[in-house]
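Enquirer: For reference, the chains in residue letters:
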Amino acid sequence: MKHFIFGILALLFGLSGCAVSGKRSATAPAPVASASEATDFTNVPAQKTNDPLQRFNRTIFAFNDSLYTYALGPFAHGYVLIVPRPVRTGISNFFDNLGFPVRFINCVLQGKFTRSAQETGKFVLNSTAGVGGLIRVSDHVPSLADVPAEDFGQTLGVWGIPPGPYIVIPVLGPSDCRDLVGFVGDYALYPLDWYPLGIIHHSVISDAVLIALSATRYVGGLPKAIDTYDQMKSAAVDPYIAIRDGYLSYRAAQIKK
Amino acid sequence: MRTDLFRFILKSAPVLLVFAAVRLAYGSGDDPATMLRSSVDEILSIAYSGRENETLPARVRPALEKCFAFDLVTRQAMGPGWRQFSPADQKRVTQLFSELVIRTYSTRVVGTQRPKIAYGSPVTIASDRCEIPSRVSHFAASSSNEPIAVVYRMIRLPAGWRIYDVLIEGVSFVSNYRAQFDELIQKGGAALVIRTLEAKLAAPAASRS
Numbered sequence: 001m002k003h004f005i006f007g008i009l010a011l012l013f014g015l016s017g018c019a020v021s022g023k024r025s026a027t028a029p030a031p032v033a034s035a036s037e038a039t040d041f042t043n044v045p046a047q048k049t050n051d052p053l054q055r056f057n058r059t060i061f062a063f064n065d066s067l068y069t070y071a072l073g074p075f076a077h078g079y080v081l082i083v084p085r086p087v088r089t090g091i092s093n094f095f096d097n098l099g100f101p102v103r104f105i106n107c108v109l110q111g112k113f114t115r116s117a118q119e120t121g122k123f124v125l126n127s128t129a130g131v132g133g134l135i136r137v138s139d140h141v142p143s144l145a146d147v148p149a150e151d152f153g154q155t156l157g158v159w160g161i162p163p164g165p166y167i168v169i170p171v172l173g174p175s176d177c178r179d180l181v182g183f184v185g186d187y188a189l190y191p192l193d194w195y196p197l198g199i200i201h202h203s204v205i206s207d208a209v210l211i212a213l214s215a216t217r218y219v220g221g222l223p224k225a226i227d228t229y230d231q232m233k234s235a236a237v238d239p240y241i242a243i244r245d246g247y248l249s250y251r252a253a254q255i256k257k
Numbered sequence: 258m259r260t261d262l263f264r265f266i267l268k269s270a271p272v273l274l275v276f277a278a279v280r281l282a283y284g285s286g287d288d289p290a291t292m293l294r295s296s297v298d299e300i301l302s303i304a305y306s307g308r309e310n311e312t313l314p315a316r317v318r319p320a321l322e323k324c325f326a327f328d329l330v331t332r333q334a335m336g337p338g339w340r341q342f343s344p345a346d347q348k349r350v351t352q353l354f355s356e357l358v359i360r361t362y363s364t365r366v367v368g369t370q371r372p373k374i375a376y377g378s379p380v381t382i383a384s385d386r387c388e389i390p391s392r393v394s395h396f397a398a399s400s401s402n403e404p405i406a407v408v409y410r411m412i413r414l415p416a417g418w419r420i421y422d423v424l425i426e427g428v429s430f431v432s433n434y435r436a437q438f439d440e441l442i443q444k445g446g447a448a449l450v451i452r453t454l455e456a457k458l459a460a461p462a463a464s465r466s
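Line order of the protein sequences matches chains C and V. Numbering-wise, the numbering used here puts 73 at position 73 of the first sequence, and it's gapless, one number per residue. Just add 257 to the spot in the second sequence (first one is 1) and you have the numbering used here.
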C-alpha cells in the first residue's frame, strides 16, 4: 500500500513538471520548402494531430485548468514569494543532479555516447565541487553547459516508435501513449523512486525523509510548470489546441536533438 | 607588372565573385543578423526602460512593426482558410491578430532584468530566407536559469529582412496559431475568427506576477 501511495505521488507530481511545462508535439512546425512559397504559405495545410479522444481530453483539460488556476498556481506563487530564489535554484539543481541515471542510461540506449560521457562529467563535477548538486558548476564549463536532457520517451522516439494518440491526464496534463510508457522507465531509474520499488532497503532512508524529499522535489518544479502553462494559455485563442500543439512540437524537437 | 596584376585578379576572381554574390544577396549593410540584433536591442531597450507596463504595447508597437512581417505572419497563421476571407476580413484579422501578438509580448515583460541573448550564425534555407538561432538566458519570467533556445525565421521582403516566424524550444509560433485557427475557420470561417479575436482582446490581459 505504501509503495502504491509513493507511486501515485510520483505519478501525480513527477510528470506534472514536464507535462505542463510546455513540452512537446505531433504537429512539427510546417516547413517552408522553396523560395516560390516565400510570400504564399497559405497553400501549406495544417498537419492533422492524432487526437481521437479530443472530447474526453477537453473535459480533463478543463478540470486541470481549474486545478492549476485555483490550487496549484496560488500554491506555486506562494512558494516563490516565501522561498528566496537562490534556495529555489539550489533545490531545483539538487533534484536535477539526482536524475543523472535517467539521462545517462537513455543517452546510452540512444547510442549517444559522447553525451553520456558529458552527463557523467556533469554529475561528478556538480556532486563534488557543486556541494552535492546544489550548485550547477557545470554551467561554467563550456563542454558541459548545454547538454540536452534525455528521457525514455525520447529513447522510444529515437527507436522509431510513434507517439500514438494524444492524451490529457488528470492533474498531469498533456502526454501521449509513448511518453506514458517512457514515464514508467524514467520512474524506475530515478533514485528517489528506488525506495518504493524496493531497490533501496527501508533501513537506509526513513519514510519521513523520503516524503519530505519527494514533496520538496515536486513543489520545486511547480512554479516553472505553472508559469509556462499560464504563458501559453494567455496567448492562445484555443488553449487546448495551443498546449496540445506546443507539447507535441516540443517533444518532437527534443527527440531530434 | 601588368601580367602579375592580371594573374592576381584571375586568382582572386572566385573570392571576389563569392563576395559580390553575398553582397547582392543580402544588400550592403542589410544582412539579416544585423537587422535582427538591432531590432531586438531596440525592443528590449523599450521594454526594459523602467517605465510603466500599461503603456508598453503602444511604445513597443513601432519597433515590432519594423521587424515583424505582421501581414505574412497573420496569413500563415490562418493557413489555407485565409483565401476564403474577404479583403475586408483579411484586413480586420491582420489588425486584431497583430494586436494580440503585441499585447501578449507586452504582458510577458516584467522586472528589470534584461535577458541576455547569444546569437548563432544565420542558416540559409532559401535564397530569400534564413534562420538565426539564439540562446536567451536570465529571462526574468523564468524560474530557472536554463537558457531558452529561440530560432528566428527571417524573410527578405522589398522593405528588407523581416521576421516571419519564431521557434521557441522547437515550438513554432506560426504553426501553433495555425493549429488553433484551422479548427475555428472550419467551424465558422472569418466571422468566428474575428469574434474570437475580439473577445480575446476585450478580456483583460493576463500579466505575469
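Treat the hints as calculated values from the structure; they're not laboratory data. Every residue, glycine too, gets a C-beta built ideally from N, C-alpha and C. Heads up, some of the hints might be wrong.
[Unchecked claim] Calculated cross-link-like contacts (lysine-lysine; reagent style BS3-like; alpha-carbon spacing at most 25 Å):
#, chain 1, residue 1, chain 2, residue 2
1, C, Lys-48, C, Lys-257
2, V, Lys-348, V, Lys-457
3, V, Lys-373, C, Lys-112
4, V, Lys-323, C, Lys-256
5, C, Lys-112, C, Lys-233
6, V, Lys-373, C, Lys-257
7, C, Lys-48, C, Lys-256
8, V, Lys-323, V, Lys-373
9, V, Lys-444, V, Lys-457
10, C, Lys-48, C, Lys-233
11, V, Lys-444, C, Lys-48
12, V, Lys-323, V, Lys-444
[What the hints assert, rightly or not] Some but not every residue of chain V turned toward chain C, in silico, with C-beta under 7 Å:
#, residue
13, Ser-306
14, Asn-310
15, Thr-312
16, Arg-360
17, Glu-426
18, Gly-427
19, Val-428
20, Ala-436
21, Thr-453
[To be verified] One side of the interface only, derived from the structure: several residues of chain C facing chain V at Cβ under 10 Å:
#, residue
22, Phe-61
23, Lys-112
24, Arg-115
25, Tyr-190
26, Asp-193
27, Pro-196
28, Ile-200
29, Gln-231
30, Arg-251
31, Ala-253
32, Gln-254
Enquirer: Hint by hint, say whether it matches the structure.
Expert: Verification of the supplied hints:
1. A distance of roughly 23 Å separates the Cα atoms of C/Lys-48 and C/Lys-257; the hinted pair therefore holds under the 25 Å criterion.
2. As the CA atoms of V/Lys-348 and V/Lys-457 are separated by approximately 18 Å, the hinted pair is consistent with the 25 Å bound.
3. With a CA separation close to 30 Å, the supplied pair V/Lys-373 and C/Lys-112 exceeds the 25 Å bound.
4. Restraint check for V/Lys-323 and C/Lys-256: not satisfied, since their Cα atoms lie roughly 33 Å apart, outside the 25 Å limit.
5. A C-alpha spacing of about 35 Å is found between C/Lys-112 and C/Lys-233, which places the hinted pair above 25 Å, so the restraint is violated.
6. Taken as a hint, the V/Lys-373 and C/Lys-257 pair is honoured in the structure, with Cα atoms around 23 Å apart against an allowance of 25 Å.
7. A threshold of 25 Å between alpha carbons decides the hint, and for C/Lys-48 with C/Lys-256 the separation of about 20 Å falls inside it, so the pair holds.
8. A distance of roughly 22 Å separates the Cα atoms of V/Lys-323 and V/Lys-373; the hinted pair therefore holds under the 25 Å criterion.
9. A C-alpha spacing of about 18 Å is found between V/Lys-444 and V/Lys-457, which places the hinted pair at or below 25 Å, so the restraint holds.
10. With a C-alpha separation of about 21 Å, the suggested pairing of C/Lys-48 with C/Lys-233 holds against the 25 Å cut-off.
11. Pair hint V/Lys-444 plus C/Lys-48 holds up; C-alpha atoms about 16 Å apart against a cutoff of 25 Å.
12. About 34 Å separates the Cα atoms of V/Lys-323 and V/Lys-444, which puts this hinted pair outside 25 Å; it is violated.
13. Taking 7 Å as the C-beta cut-off, the interface hint given for V/Ser-306 is violated, the closest approach to chain C being about 22 Å.
14. Taking 7 Å as the C-beta contact cut-off toward chain C, the hint placing V/Asn-310 at the interface is violated, the least distance being around 14 Å.
15. Because the beta carbon of V/Thr-312 sits about 19 Å from the nearest beta carbon in chain C, more than 7 Å, this interface hint is broken.
16. The restraint placing V/Arg-360 at the interface with chain C is violated, with a minimum CB-CB distance near 9 Å, outside the 7 Å limit.
17. A cut of 7 Å between beta carbons decides the hint on V/Glu-426: the least distance to chain C is about 6 Å, and the hint holds.
18. The beta carbon of V/Gly-427 is positioned within 7 Å of a beta carbon in chain C (closest approach about 2 Å), and the interface hint is therefore held.
19. Because the closest C-beta pair between V/Val-428 and chain C is about 4 Å apart, less than 7 Å, the hint holds.
20. Taking 7 Å as the C-beta cut-off, the interface hint given for V/Ala-436 holds, the closest approach to chain C being about 4 Å.
21. The restraint placing V/Thr-453 at the interface with chain C holds, with a minimum CB-CB distance near 5 Å, inside the 7 Å limit.
22. About 14 Å separates the beta-carbon of C/Phe-61 from the nearest beta-carbon of chain V, more than 10 Å, and the hint is not met.
23. Among the interface hints, the one on C/Lys-112 is violated; its C-beta lies about 18 Å from the nearest C-beta in chain V, farther than the 10 Å criterion.
24. At about 16 Å, the closest approach between the beta carbon of C/Arg-115 and any beta carbon in chain V exceeds 10 Å, and the interface hint on this residue is violated.
25. Hint on C/Tyr-190 is violated. Least Cβ distance to chain V is approximately 19 Å, over the 10 Å limit.
26. A cut of 10 Å between beta carbons decides the hint on C/Asp-193: the least distance to chain V is about 22 Å, and the hint is violated.
27. Violation of the interface hint for C/Pro-196 is found here, the shortest Cβ-Cβ separation to chain V being roughly 27 Å, above the 10 Å cut-off.
28. Among the interface hints, the one on C/Ile-200 is violated; its C-beta lies about 28 Å from the nearest C-beta in chain V, farther than the 10 Å criterion.
29. Interface hint status for C/Gln-231: upheld, as the beta-carbon distance to the closest one in chain V is roughly 7 Å, under 10 Å.
30. Residue-level restraint check for C/Arg-251 holds (minimum Cβ-Cβ distance to chain V is 9 Å; threshold 10 Å).
31. At a threshold of 10 Å, the smallest CB-CB gap from C/Ala-253 to chain V is about 2 Å, leaving the interface hint in force.
32. The interface hint given for C/Gln-254 holds, since its Cβ lies 7 Å from the closest Cβ of chain V, which is under the 10 Å cut-off.
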